[in-house]
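Given these sequences and hints, build the entire structure.
Using the UniProt record's numbering, the letters of the sequence shown map in sequence onto residues 1 to 353.
No false leads were slipped in.
Under the rule of at most 30 Å between Cα atoms (straight-line distance), these lysine-lysine pairs were calculated in the DSSO-like manner:
1. Lys39 - Lys174
2. Lys141 - Lys215
3. Lys59 - Lys80
4. Lys174 - Lys195
5. Lys174 - Lys188
6. Lys80 - Lys32
7. Lys106 - Lys141
8. Lys91 - Lys106
9. Lys141 - Lys174
10. Lys157 - Lys91
11. Lys80 - Lys115
Simulated DEER-style distance windows between Cβ atoms:
12. Ser240 - Asn8: 32 to 40 Å
13. Lys195 - Gln245: 36 to 44 Å
14. Lys32 - Thr61: 36 to 44 Å
15. Asp212 - Ser240: 56 to 64 Å
16. Val213 - Ser57: 17 to 25 Å
Source of the hints: derived by calculation from the structure; they are not laboratory data. Positions of the beta carbon are idealized from the N, C-alpha and C atoms, including for glycine.
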Amino acid sequence: MLLGLYGNQEVEMGVFYSRVMHANSFFVKEIKVQNVRDKGPVAYSFSTRPELAPPVSDKRTQDILIDRRNHQRHIYWLNKGSHLEISCTLKDSESGTDSLIVAVVKGEDGFQEWKVDPANPDLALRWTRIRDKGSLSLTVKEDDDYSIVFGNLNNRKMTLSINLEFRHVLHSGKNADLQCSPQTDTCKFPVALGKSTYILLKSPVAIQHGVDVWKIKILYVPRWITYIFLWGLVAAGLLSTKASQLRQTRSQAPTTQEHAPLFTDDAAQHPGSSTAVPVDPFMQADDANDERANQSEHRLCTICLDAPKDSFFDPCGHRCTCYSCGMKIQGGNSNRCPMCRQTIRTVRRIYDA
1 MLLGLYGNQE
11 VEMGVFYSRV
21 MHANSFFVKE
31 IKVQNVRDKG
41 PVAYSFSTRP
51 ELAPPVSDKR
61 TQDILIDRRN
71 HQRHIYWLNK
81 GSHLEISCTL
91 KDSESGTDSL
101 IVAVVKGEDG
111 FQEWKVDPAN
121 PDLALRWTRI
131 RDKGSLSLTV
141 KEDDDYSIVF
151 GNLNNRKMTL
161 SINLEFRHVL
171 HSGKNADLQC
181 SPQTDTCKFP
191 VALGKSTYIL
201 LKSPVAIQHG
211 VDVWKIKILY
221 VPRWITYIFL
231 WGLVAAGLLS
241 TKASQLRQTR
251 SQAPTTQEHA
261 PLFTDDAAQH
271 PGSSTAVPVD
281 PFMQADDAND
291 ERANQSEHRL
301 CTICLDAPKD
311 SFFDPCGHRC
321 TCYSCGMKIQ
331 GGNSNRCPMC
341 RQTIRTVRRI
351 YDA
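This is the structure:
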């Protein structure tokens with residue numbers, strides 16, 4: 001999308017070539033048509049889809065030589081409603097086992113699929129195997145490139161006589177808004193924003209001066225304001241998504257603060273009554289002494305219950321003995337922490353301020 005939805009194209013045009021092209025006016029500002037070689041093609045511009053002209057018939061007969069284990073491909077642009085008849089005769093079959101494959105496939109993708117397995121009839125719109133003579137036909141249901149392919153799966157060269165009959169459905173150049181023959185200069189067709197623009201490319205209906213294939217180049221000038229607007233929407237969407245993710249992450253962060261209630265449940269249920277009870281000051285003093293004793297015992301060595309806990313064991317990190325008892329445990333037979341039973345590597349002293 002950085003360079004636009006429409007890329008430049010090079011188109012090869014045979015006789016009876018009639019192709020309608022349409023571009024979205026929101027993305028394309030102008031269409032240019034350049035002639036690459038030989039004079040003959042004509043380009044038209046319409047605001048509505050061009051009308052169909054009466055069908056035109058065309059017959060072609062030729063002999064082709066196909067190398068062993070190889071194929072030949074003939075490409076034709078056919079519009080919806082066109083009809084194709086193919087009849088073939090194998091000219092130099094030396095045995096009854098020689099055969100050629102004739103198939104009709106649609107588009108470049110269809111041709112590439114057929115090349116993988118030419119003997120598979122399911123990979124073609126029409127398919128037949130020619131041992132002496134054969135034919136097939138096709139009525140086109142969609143505008144596109146159609147390839148007539150001849151596959152030689154034998155180990156020698158084969159000559160095939162083919163007869164092609166076309167009934168072409170062509171578009172008329174009447175009532176065109178603009179007409180240009182890109183012989184020496186570039187044809188430029190502006191595309192109005194919000195309006196439809198159709199470009200009709202037509203080739204001669206007969207060979208001119210020995211030329212039966214013409215080549216033109218089609219260039220699409222982007223409407224950059226549309227792409228800038230779309231890029232802005234994409235950027236805004238990405239920023240909005242990122243901001244939403246950040247808000248969600250913050251809202252899911254754990255809360256560790258806990259608040260004690262100001263009143264007990266009984267006080268909250270009976271706000272008018274007094275729930276205070278007399279407290280014995282001697283009981284308060286005893287509770288305070290017990291609390292200080294418990295705190296003092298908690299700070300003492302769990303082994304001797306005399307010295308403070310001024311050491312910890314490495315690597316487990318437990319602080320449960322004084323430095324002297326810790327050294328005795330390390331130098332003893334067990335050499336294990338009394339808390340977790342992990343082997344003590346060393347005893348480290350703690351100096352409290």
